[in-house]
Amino acid sequence: MLNQRNSIWSGIDWITVGMFLALCIIGWVNIYAAGYSFEHESSIVSWSNRAGKQFVWIITALLMGLIIILIDEHTYQILGYWFYGIMILILLATPVLAHDIKGSLSWISLGPVSIQPAEFAKCFTAIAVAKYMGRYGYEVKGWKDLVVPFLLIGVPMFIIMVLQDETGSALVFGAFLFVFYRQGMTGKFLLFGAIAVLVGVLVLKLQIIPDNWIDMVLQPHQRSRIEVLLGIKDDPRGAGYNVAQSLIAIGSGRFFGKGFLQGTQTKLNFVPEQDTDFIFCTIGEEWGFFGSAFVVLLYMAFILRLITLAERQRDMFSQVYAYAVACIFLVHLTINVGMVLGIMPVIGIPLPFFSYGGSSLWGFTLLLFILIRLDASRINKML
Amino acid sequence: MINDRYHNRCSIVLRGIVIAVASLLVLRLFYLQVIDSSKVDKADRNALYRQTIYPSRGLIYDRNGNLLVFNQSVYDVMLTFKEMGQDFDTLGFCKVMRITRQDFENRLNEISDRNRNRGFSKLTPQVFMSLLSKEDVSVLQESLFSFPGVAIRERTVRDYTYQAAAHVLGNVGEVNQNDLDRDPYYARGDYSGRDGIERCYEKILRGTKGVEVLMRDAHGRIQGSYHDGELDRQPQSGTDIQLTLDIRVQMLAEQLLQGKKGSAVAIEPKTGEILALVSSPAWDPKQLVGRPRSKNYNVLLNDKHKPLLNRAIQAQYPPGSTFKLIQSLVGLQAGVLNEHTMYPCSGKESTPIKCTHHHGSPVDLESAIEQSCNPYYWQAFRDILQAGGSSNRQLHRNYDKWRERVLSFGFGSAFDTDIRNQYKGSIPDSKMYDRIYGKSGWKAITIRSLSIGQGEILVTPLQLANEAACIANGGYFVTPHLARLGKAELDSAGVPQNQNEKHYALVDACHFDVVKRGMARVMTNGTGRHYAVPELNMCGKTGTVQNPHGRDHAIFIGFAPLEDPKIAVAVVVENAGFGATWAAPVATMMMEQYLTDTVARTDLYNRISTTQLIN
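Going down the list, the protein sequences come from chains X and U.
With this note's numbering applied, the first sequence corresponds to residues 2 to 384, in that order.
With this note's numbering applied, the second sequence corresponds to residues 389 to 1003, in that order.
Since the hints were made in silico from the structure, they are not lab data.
Incorrect hints may appear among the rest.
Calculated lysine to aspartate or glutamate pairs in the EDC-like style (CA-CA distance at most 16 Å, straight line) [to be verified]:
#1 U:K510 to U:E498
#2 U:K904 to U:D952
#3 U:K904 to U:E951
#4 X:K259 to U:D429
#5 U:K522 to U:D464
#6 X:K259 to U:D432
#7 X:K259 to U:D616
#8 U:K683 to U:D672
#9 U:K597 to U:D571
Ranges of calculated distance between the beta carbons of each label pair, as one might list FRET restraints [what the hints assert, rightly or not]:
#10 X:Q223 to U:G598: 46 to 52 Å
#11 X:L164 to U:L619: 50 to 56 Å
#12 U:G598 to X:G19: 51 to 57 Å
#13 U:L519 to X:I26: 55 to 61 Å
#14 X:D316 to U:D424: 45 to 51 Å
Just so you know, these numbers come straight off a predicted model, no measurement behind them.
Backbone N, C-alpha and C fix where the C-beta goes; we use that ideal spot for every residue, glycine too.
Kindly produce the complete structure, drawing on both the sequences and the hints.
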């Protein structure tokens, strides 16, 4: 017992844990800066501001990580489909129980805190997909082998997109395409996906499809966001406002930034959603190119480390799961920072560990620490 | 078996994608933050609000240190709609402001009408009532806390101690497009000097604006100072100015000219300091301050008596008999006259110019001045022009020489001084007569009107006062001016002036005594005798200017005392008739006021000041 226990702690990849902590702390400091008011100063650990609350979320997330480390690694593989089923039920119930926040029906209240179940759905879908693809003898030989995995990601995607009206969170499930590719799906699918996006862009740009067809697929606000990005519509006070202000905030940071707590654009509310989806603006404005490039590179190192972890797994379940985790972080980084930098449409998804919010922080912590736990016991798998 | 070669390739592709995405984001960041520098400016325009702090405008004093113009605080009541809220105590507010609920609603509609109020925003303070006095806002000030969204803003406007000198002082008004184009100092809505001293010395009166750099949020709300006021600049008050005016003489002259069209100018001969510069009709300078300014300005603009015209510098008249002093001096200098030169006078029978007074004949120079004898001056002028022969060439030469000497008294041009928009007057040159009559078509007789100051000569009252000062000084004048300032201040105000330089007339000093004696006799035996104050040894000369459009203009110039002149005066009363009757009393009372600090002749004062010559 003692021996095994020791081996778990010694098997933990402290590099990943260190990068996780670094991202959380940098995010926390920037949430404090984003919410900082020139007129009413308040402490970084005061419950009255969001940085103080985020501190509580970080502490509870660490506790959660600790508990996950202590739970047996086989739990997830064994109970994978149960978790998945319960999650689907919760997702279905969410629109009924939800209170409307900014046009989406994805939040439910649990006492004093609001929870967004979609943030946890990624994790349980990854477990279910890993369980299915980690079956003994499973191999991707043709499209028939991918029917079930596509269904596994398609169902939560559909519920989140259509019933909860939360397109951004649903798009993240696209990350699994990379996982399938890694496990043997032909690269043509990725190519096909890229071409589909390109065609979609051309359709909107050249306006070759009747407007009412497009309206069946896209909400008006989504359409206008994409059109602004593509330069079809110029609308600095409407959909383009967020991005225009975001670019001003980041661009005005120059090389070394304006300094901690010195950002005017974020603090004076020119940038909307500045401590959630647009948290990267604060980094860009106050820490400049120096700081924001550092954060992007830290993320890159983090994701590359996750791929390294994935590659060293000895069993299919762990490897598929690890790839799912790495790809989900990659998609979040690309969409969120791309949006803030004006090279992606405005899709409201958080920047993991940076954006304010308990649900997203807990969701990502759960996702990551299950991987760390699986990785920690990979030695045992050899035996 | 898992890590076969194919899968290895896939993991390399995935790592490649991660690195590519990160590189793309970093490149984009590099472009936005290092290459493209346009965002800094946009960010500043977003977040920084440069609030101007206005300096207090320089004060204006008279020569004795009496405060003439100062700054008065006025208050604007500002409303920020968004902050007023649903349960705003409208009735209480109306009561405090002493307005009706209807007034309140009307004004609110006016403010929120974007056609009339372009800068309207619910989030920023809007002017609800402006230019209120301290008393008007004192109650509101005390109960301000119970009216959210209401604020009081302080501003300053000009105020005046005396209801006098409106033309001299000028006024202050909002800058126009022209000012904005010409001087980058101004911003829309700023105030600057209009006319008079306010305009001429604008650059030193206005001071230097300060600035407070404030942060403003996305809704336009001010969020405190930027970088702890590091970039702020304190305003610098304008320079105070002491004028050369004696406000008591100025006010006396204005009162005496009440109900009349005319002007009066008094100068201290030795220094060129203007003691009074009066144009009538005038207005109370307070009329062009604050709310009623534009309405009152239009009333003045459309007044048929043209009060906005500064007659002291902009009205031009033939000098009439006062010009005989110049003729005497030029004649003496030309060698045509000496103090014993006699000419005959046949009174009303004289030709070609009749005499308007009764006196013996022939008369000498002093008596000619005393009696204002027209035939004397015609004959003197004729002899000046015909000296050395009566050829046409000699006539031109003599006329040009005569004109040159006349101009040397300050006629025919504007003084280079701190009085703007002076008219030049005119002493015609021989070329003009050549054009009218042909080169050999005119002789002394043709232009005989000039001999008695009629005809084509035009002078301004300021030039007449300067003439008096020049005679009082015995041959020189100092450029008349209104402000006592050092060289540095004059330079920064952009006023080209040398306040110590003497301009010598082209007539030798020795010729002035006889003219002065003649002027003294005007006041003892001649046309001015009724209005002299004997102990002040006044000297003067009356004039009556023929006016083809109506009654004659009355003119008087003079100085006192004879031995050591302290004040030189010129007075013109339009359409008043004889100079002796209307202009002389005004001028002598001004001299009396200045020299004795009082006017003893109260009956005369009452009679003149209450006489209405215009309606």
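Tested hints:
1. This hinted pair checks out: K510 (chain U) and E498 (chain U) have alpha carbons roughly 13 Å apart, not beyond 16 Å.
2. About 12 Å separates the Cα atoms of K904 (chain U) and D952 (chain U), which keeps this hinted pair within 16 Å; it holds.
3. Our distance criterion of 16 Å between C-alpha atoms is met by K904 (chain U) and E951 (chain U), whose separation comes to about 10 Å.
4. The straight-line distance between the Cα atoms of K259 (chain X) and D429 (chain U) is roughly 14 Å, inside the 16 Å bound, and the hint therefore holds.
5. Under the criterion of a C-alpha separation no larger than 16 Å, the hint pairing K522 (chain U) with D464 (chain U) is consistent with the structure, at around 10 Å.
6. This hinted pair checks out: K259 (chain X) and D432 (chain U) have alpha carbons roughly 12 Å apart, not beyond 16 Å.
7. Between the alpha carbons of K259 (chain X) and D616 (chain U) the distance comes to roughly 15 Å, so the proposed pair stays at or under 16 Å and holds.
8. With a C-alpha separation of about 14 Å, the suggested pairing of K683 (chain U) with D672 (chain U) holds against the 16 Å cut-off.
9. Simply put, K597 (chain U) and D571 (chain U) have alpha-carbon atoms about 14 Å apart, close enough for the 16 Å limit, and the pair holds.
10. Distance hint for Q223 (chain X) and G598 (chain U): a CB-CB separation of about 50 Å, consistent with the stated range 46 to 52 Å.
11. At roughly 53 Å, the beta-carbon separation of L164 (chain X) and L619 (chain U) lies within the given 50 to 56 Å, and the hint holds.
12. Separated by about 52 Å at the C-beta atoms, G598 (chain U) and G19 (chain X) satisfy the suggested range of 51 to 57 Å.
13. Between L519 (chain U) and I26 (chain X) the CB atoms are about 57 Å apart, so this pair conforms to the stated range of 55 to 61 Å.
14. Remark: the range hint 45 to 51 Å for D316 (chain X) to D424 (chain U) is upheld by a beta-carbon distance near 49 Å.
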